[in-house]
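Just so you know, the sequences run in chain order D, S and Z. Residue numbering for the first sequence follows the working numbering, starting at 180 and increasing by one per position. Residue numbering for the second sequence follows the working numbering, starting at 180 and increasing by one per position. Residue numbering for the third sequence follows the working numbering, starting at 180 and increasing by one per position.
Think of the hints as simulated: they come from the structure by calculation, not from any bench. Do not take every clue at face value.
Said to hold, decoys possible - Computed footprint of chain D on chain S, listed as stretches where at least three residues anywhere in the stretch have a Cβ under 8 Å from a Cβ of chain D:
| # | region |
| --- | --- |
| 1 | 540 to 548 |
| 2 | 555 to 564 |
| 3 | 579 to 588 |
A quick note: this is a predicted structure, and the numbers were derived from the prediction, not measured. For every residue, glycine included, the Cβ atom is placed at its ideal position computed from N, Cα and C.
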Amino acid sequence: MDDGTAHERPPVDFDDCGPAMHALAAELFPICRSITGDGVRETLAILRRHIPLTVHEVPSGTQVFDWVVPPEWNIRDACVLDERGERVIDFRRSNLHVVGYSVPVDVTLSLGELQEHLHSLEEQPSAVPYVTSYYRERWGFCLSHEQRLALPEGTYRAVVDSTLQPGSLTYAELILPGATEDEVFLSTYICHPSMANNELSGPVVAAFLARWLASRPRRYTYRIVFAPETIGALTYLSRHLDVLRERVVAGFNLTCLGDDRAYSYLPSRDGSTLADRAALKVLGDTRPGFTAYSYLDRGSDERQYCSPGVDLPVASVMRSKYREYPEYHTSLDDLDLVTPAGLQGGFGVLRDCLELLEQNRVYRTTCLGEPQLGRRGLYPSLGTKATHEAVAVTLDLLAYADGSRDLISISDTIGAPVARLYPLVETLVREGLLVADDAGGPAS
Amino acid sequence: MDDGTAHERPPVDFDDCGPAMHALAAELFPICRSITGDGVRETLAILRRHIPLTVHEVPSGTQVFDWVVPPEWNIRDACVLDERGERVIDFRRSNLHVVGYSVPVDVTLSLGELQEHLHSLEEQPSAVPYVTSYYRERWGFCLSHEQRLALPEGTYRAVVDSTLQPGSLTYAELILPGATEDEVFLSTYICHPSMANNELSGPVVAAFLARWLASRPRRYTYRIVFAPETIGALTYLSRHLDVLRERVVAGFNLTCLGDDRAYSYLPSRDGSTLADRAALKVLGDTRPGFTAYSYLDRGSDERQYCSPGVDLPVASVMRSKYREYPEYHTSLDDLDLVTPAGLQGGFGVLRDCLELLEQNRVYRTTCLGEPQLGRRGLYPSLGTKATHEAVAVTLDLLAYADGSRDLISISDTIGAPVARLYPLVETLVREGLLVADDAGGPAS
Amino acid sequence: MDDGTAHERPPVDFDDCGPAMHALAAELFPICRSITGDGVRETLAILRRHIPLTVHEVPSGTQVFDWVVPPEWNIRDACVLDERGERVIDFRRSNLHVVGYSVPVDVTLSLGELQEHLHSLEEQPSAVPYVTSYYRERWGFCLSHEQRLALPEGTYRAVVDSTLQPGSLTYAELILPGATEDEVFLSTYICHPSMANNELSGPVVAAFLARWLASRPRRYTYRIVFAPETIGALTYLSRHLDVLRERVVAGFNLTCLGDDRAYSYLPSRDGSTLADRAALKVLGDTRPGFTAYSYLDRGSDERQYCSPGVDLPVASVMRSKYREYPEYHTSLDDLDLVTPAGLQGGFGVLRDCLELLEQNRVYRTTCLGEPQLGRRGLYPSLGTKATHEAVAVTLDLLAYADGSRDLISISDTIGAPVARLYPLVETLVREGLLVADDAGGPAS
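Bound-form chain D, shown alone (with noise of 0.2 Å):
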């Protein structure tokens, strides 16, 4: 790991980062992505100018849980040729025209016998969809309706230029070292070949989020995963999975994090753990509209982050969530359907939860009663009928400073956004009222 060489990179204002997490989306948006392939090695590639990931391969035939790391599949091109010898469906063009993990094929066949052979998708005629036989040996391409139904009888040559052979799955991290051993884990996948809400929207954010938290001082120990989603997480756990259980006090999976519309939020399997409890604080203080899926709507590395036996405390907090939205899964998922303000909206709220997650503690008053606020200028010195009001909330994070409670929990209780707290808490701390309860000092 060479920390260093990430703190020498041009600063970021974090506020307005959305044009360049785009740019970066952008550039890893033509490359092939498969679960495993030199699509991945490039794309980390590329995020190590920002971030300095830790690379590891995995050997193809590594026995992961119930898995097993399949070979490595690579592709230089893929074409279906007409009479005319014209590429009438061209990986070149989109690399979605090949299901992933074609296996390498040059055959010539009739219209008839191509058409089991193609993928579209008739209620939206003129996407490409995606589709993948990771784990059965297929050939196959996608291609709009339309075009599909405007293919001429005759015969065609179809070439998948690919190879299937024993490798290796490549997967990074990055960990960011804090105050404590206690680690949040953030998680991200880079398999999907051209999409862009789902899924450079999620590398490209967890990037940012990387450079974010090396910006700054951190109580929590961060441990930040780019793997091909489930084998990939599997893969990871597999050799983590102690340490994980042992230090993750909240994750997050990060993906479809880019579009404009909407903000929502799936639980983990638990529903109550502190990544839960973070991401419904801020999106329920700062963006009242968001969705709450349940975990009956996951699809993503939650799947094995929260299985039975593992049960990391892992949550998702999304814009548009996949199969959500109608560009899921096809040519539509694009980087105009995920802009720069979209990627800064999903950048904002999990800094956010980050932010909260690094705030949140359990604070006890220090003395019985309440302290006397007056003579510290924290009390109006007139006592009327206003004088409530004005140190309302105030008093109300000492009521409810007893050592049981967290911030979230306090901010539930009294109604403040938890973000109104923080310097509260700041003003009471150095006043001596309040400590936080893993810093010793109980009142009681």
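Place chains S and Z on chain D using the hints.
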């Protein structure tokens, strides 16, 4: 117990046994049952032609908790004769015409004097009410209010040819052993004279449930009791309390199971026992318009089974509940009100509850992370937008099979009918991916 | 403590003591109370004619938790004189005209300079506001906004003939011993000058509750405290915290008990203490339109009694709550706002709460199954359709008297007003069918 004889009876189609149950109810209908006496014995003798009941006699005077088994009551005849010697109120026409436990009498008296011994229902003028006086010596007659108003002035002779003397209380039980000593307890009562929904539907459905249970493998042992209400239940409890408290995991009080109208549920006092959970799951999944009563609406033997210090997990699943339908405790509760289809419905809902008890176990997954269902043919090999739908219930079942939830809880959590889980569980157990928690093999 | 003298006072009809309470409030009304000084002592001397209070003095400068007992304030006179020497603002007309704890002054100044020392309410132009400055040395006058606007330009003389010097803080307490050392804590305050609902209704109702308690057998010991708000409550706590935390099972802060309008409830910080449960049960059963506030709406001595580390079970049952009625903390909070009927209502609701605390115990049945109520004359001997109605509450009480629920909980569960249970409990205890759990004799 002559368990073997039951197996020699002709086989029953348990999906269409309503007519057979109705025929049995019709055979039992004319018998004059009470809390003691030959009517109970005759009833049990008929039931023994269907199931191998063991009959017990408990002497009058036996202390059962706070109560004492009363003298035995038997009746040969009863009538009110008019001045011409005509039987104007006649026990031979309906045994409801005499107040239950009427002491012997042969007296001549004026209409005014007779009125003090008559019972009718002004608000249901054509119905003969059901009235008893078990614990205070009385005699009386019941008649329709219409008939009562039409009685001419004059002299009447009232005759009750009954005996009330030391004898015994009669009850019966059947134990069907299962793979474990844990028991399911079924109780019904046999103390009402000619009434069909509130009473005969109970013993008739109980008899056919016993035949169905006898015909299949059983994880649980079943204890099925036929006893007079209240004093019989107390008697049974006083003799078996320790074993019941130790072994019974769920129980149902079988009553009011024969009409065509509602399905209803009355909880145990605790309200969250396995019996309650099974009843609510079955009714919610399959009889969604059912009526849920409160324990405050109780009125049958749950009053004893759920009393403080007894605390058996006994709930009631019924059709139209006692006290809630107009024909209750009158001559209108007859074999027109109770129908073959109504009995089939009552039998069916209880059979579903018992099937659920048999199926319901705590499962846990045998691997960390999601298993690779694809190589077992349980997951689509082609990854598309629609992949998730196809396997959602299987994945949800695996996600919540964490060793802390039984199938009822998983069904509640994932929103799938519990019966839909039975075949999925069977497949996953066969594949070695799920294991019942009480069968060893934890994952974590 | 001269407990005996209380018994020599003339008997009170506690169902009609509103006029006597109003007369006592009228006697106390003119006295200029503050958090220290002779007004408090004079008030307590009058209250001692009704109840045998013990009076305590705590020297200025005494540390109480985070606070220090302030210098003692006394005032003989105060006025603002116009150029003709007329007392245009006159303490003698109402003690609200001077800012509480005003330091001595005798100064001549222009209207403009005087304005900086004047307080009025633009939104309530006819009311004189109540203003204090306990912990910062100031002087000032309060007047109606109407009068303020009418003050002509010119020269004024402001005179405050007060003393602010070392002395003591005065409070009083009364302990009424009961059968147990467990205590019920009643607290009220005596620091506001001429205001009736928010303040005098509190000590007046407290005094009459004390007389009612003295007149009857008591299961609990009662500790009744009259102290200045905040600093007095803190002072009392600092001297008695250990014993209060050990013994107090429930407490009420007595304030705002005299108007005719609302009934209201403000919970303890915990919200589920015995005091809260008793208050909610009485209000819910008998004053169903009551207003339930949140602890966030607090503003009286529960701020101290419920603070972290103190955590006494103290709730408030009030009529119109401080800060919620327009006359609050102005000259309009007078003896027209507070009425004999209003005080009787405030007294009555608190008496009901204390009666409930006395009656409320955990009961358990002494037999298994339902007892045979019939042979005790508690169950109809004739069994008919209507049997259940007649005894439903008794049966429900027996069904839930399982040693885990007190009467409040049973009342909640069975939906019967708790006061309806008192005579039933008495009967069942007399019959030996119920036993208080703390009096031995478990059933199971």
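We went through each hint and held it up to the structure:
Check on the region 540 to 548 of chain S: 5 of its residues sit with their Cβ under 8 Å from a Cβ of chain D, so the three-residue criterion for coverage holds. Note: the region 555 to 564 of chain S has 5 residues with beta-carbon separation from chain D under 8 Å; the three-residue rule is met and the coverage holds. By the rule of at least three residues with a Cβ nearer than 8 Å to a Cβ of chain D, the coverage given for the region 579 to 588 of chain S holds, with 4 such residues.
Hint compliance for this structure: every hint is met.
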